[in-house]
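J.: Residues per chain, in single letters:
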Amino acid sequence: MASEQELPVQQKREVEKKQESTIPARVYVPVTDIFETQSALMLAMEMPGVDRENVDIKLEGGILTVEGEINFAKYEDLYPVYTEYNIGNYARSFELSSDIDQDRISAELKDGVVMLTLPKAAKATPRKIKVN
Amino acid sequence: MVSSFGSPFDALFALQRALEANLTSDWLGAGTAGPGAFPPINVFQKGDDFVAVVELPGVDKESVEIEAKENTIRIAGRKTIKYDESASVHRRERVTGSFDRTIAVPIQIDPDAIRAEMRDGVLALFIARAQRDKPRKIAIG
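From first to last, the protein sequence lines stand for chains A and B. Counted from 1, the first sequence has number 3 at position 3 by the working numbering; the numbering is strictly sequential. Counted from 1, the second sequence has number 118 at position 118 by the working numbering; the numbering is strictly sequential.
Note that these hints are calculated values from the structure, not bench results. Mixed in with the good hints there might be a few duds.
What the hints assert, rightly or not - Looking from chain B toward chain A, a few residues come up when the C-beta cut is under 10 Å (computed): (1) N22; (2) D84; (3) V89; (4) T96; (5) A113; (6) A116; (7) D120.
All C-beta atoms in this analysis are idealised placements derived from N, C-alpha and C, irrespective of residue type, glycine included.
Next up, chain A with everything else stripped away, as it sits in the complex:
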């Protein structure tokens, strides 16, 4: 079974921006799964270290932007001696088709994974057509 495989290490991908930001800190692209159910488009985004107060979700002009800020104050008084990964805030944008019911978008955070539910607008839900 596929779930029996050993987990590989996924290197974090940095956000590539067209404009350079004024802040030199690194921002990472959250690893994301996107899937569609009958009634909604779902996004699962891995943002370890981000708590629910620091997730920012925006939908503007068909572009969905999800940003997560880590709480790095926890690293105060800690002196790194050995590191294998870097940490940073997360950001990612997706272009959506217009048939999402924007008012009913909901989000849930569990174990560092943001689960976004984007309900389809009524006209976009598939209808079964009977053949006479």
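Assemble chain B onto chain A, guided by the hints.
T.: Same frame as chain A, now just chain B:
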């Protein structure tokens, strides 16, 4: 480590640079416990003790097992993702599977005093240094 700069972004940047500077650190030594295995680990010093931080998004704390013995620490578990069966997948980037990693730290640890905390997909292991391993002040007689 994080100094109190004027802006929090400077502090974050300083932390990111400090983390990067230690990417080549040989603190763990060149044993079988070297880098490259899942999950990636960051180790920090906090006073006399150490803190190991591991990112495990999507893994609940019931499916993580931590063992400590002498100077080795084992982190094992399984990451499973469950979606509605009728869902059609557009993009799949998250990986699932089992992991099992043992690290040997170059210090004497107190296995009974290790504390583990897991929050928002981040596991923090507070590793207490054994009393006999702590530096002692020696007075000149």
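J.: Each of the hints needs a verdict: does it hold here or not?
T.: Going through the hints against the structure:
no.: 1; hint: N22; result: 4 Å, holds
no.: 2; hint: D84; result: 5 Å, holds
no.: 3; hint: V89; result: 5 Å, holds
no.: 4; hint: T96; result: 5 Å, holds
no.: 5; hint: A113; result: 18 Å, violated
no.: 6; hint: A116; result: 15 Å, violated
no.: 7; hint: D120; result: 5 Å, holds
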